[in-house]
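Residue-level listing of the chains:
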Amino acid sequence: MYGRRASQLLKEIDSSEAGQLASFNSDVFDQVIRECNEHNSQFQSLIRKMVEQNLDIETTRNEDHYGAAIHHLSLLRNKRCLMAYMYNRAEVIQSFRWKVGPVLPHDIQEKLHFSEKEYFKNHSAAIKSYISEMDIDLTVDMVPPKDPYIQVRVLEDIGEVSLGDHSVSLTKNSLHFLRRTDAEQFVSQGLMEEFLE
Amino acid sequence: MSSWDDDETAASAAEAATTDVELLKRAWRNEKAAPEVLRFDSPLVSRVREQIQLLEETLDDFADSGVDDLVVSLYQMDLDRTLFLLRSYLRLRLQKIEKYTMHISRSDDLLSRLSPQERRFAKSCAEIMEKHLEQSVLSKLPYGYDSVTRQSLSSTEDDMVPEPQLDTFVFCKTKSDVGAFQLDDIGEEVVDLVADDLYVLRYKSIKGLVEGGRIDLI
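Chains as they are written, first to last, in our numbering: chain U, 815 to 1011; chain W, 232 to 449.
Please keep in mind that the hints were generated in silico from the structure rather than gathered at the bench.
C-beta: ideal position from N, C-alpha, C; glycine also.
Just to be clear, a hint being listed does not mean it is correct.
Claimed, not checked - Rough simulated footprint, nothing fancy, chain U against chain W, three-plus residues with beta-carbon under 8 Å:
1. 253–263
2. 296–310
3. 362–372
4. 432–442
Make the full structure from the sequences, and use the hints.
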């Protein structure tokens, strides 16, 4: 059945949770590409056959024409599925830049196709260049601020830090009540996390 | 006395900030609810950034002169919230540009709604996406089927570009009396829009009113 493999790719996108990526399915992907090229060569040979019989390609409606039409339409469907697969994955990759940051953790990187890794790098660079042109960091402050002070739990040993007019000893697993602006730089680096009861 | 002057400038800065912040909040809400990217309000954004800077300087002065902690935290809250609004406004726009990058790059009208930096970003986004799709899919497809925007050579128009759904329903509130308003092209549906009323309408019909500032999205 033509187009079945391509719909497998789409089912994969559909069944994965929002914002999550499955491993790039290069097996099915390559199979669909092969199918496309098959369709194309069948299509070309049917057209050639009609031309050899001196039939007008535009207007003749014989079994070869319909065969060619089926190959053409199947190819189009495969193309649409492939593009949708790549495009939807690219949208998830875009969201990673906002949610995770400019560097992806290893377990996500494993799931990406080579071109997707490049896409992420280039896309990150475009965002970075916009941020530096505007001189506002858009990757912080993702949630509306509720209090000027937040409670934080320190994840890694940072040591003595002077904040404002007093110094705080930031040892691992200690809880502190800090000003949001002071804590934000540590939170964004992953050295602290907001302590929500 | 210098402390009175500081207080006055701080107070007037806070007052002026309230009005502009209200405008920014409105622009932010509209942007959040609209399916397409709206016109970039460049003067508003510049003013807000100036006021943010003023607030930051005021806070630094407070820190030096030992003003009451409660007052400091109030100003800090105000600053935080304004900064959040500004960042979120810019972020919402960027994310819309990311999503509809090819559609935006082809439309002069949409491009004109972006700030110059956003235009540059949109252009890079479109190029990067095209390159990615070409590299991974299109270069392996047979000749005649390898266009990014068209399905094949036999397509009469660009039929592979995702576009925002302009006829989604949005909640909106009128600011002043608009009167009888035609909702669609044929003239069949006419709605009487009274001031300060809440409506749920298709975005496409009220697009012009939103641009003119006569109706707000919620």
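Numbered hints the structure breaks, given as an ascending list: Numbers 1 and 4, in rising order.
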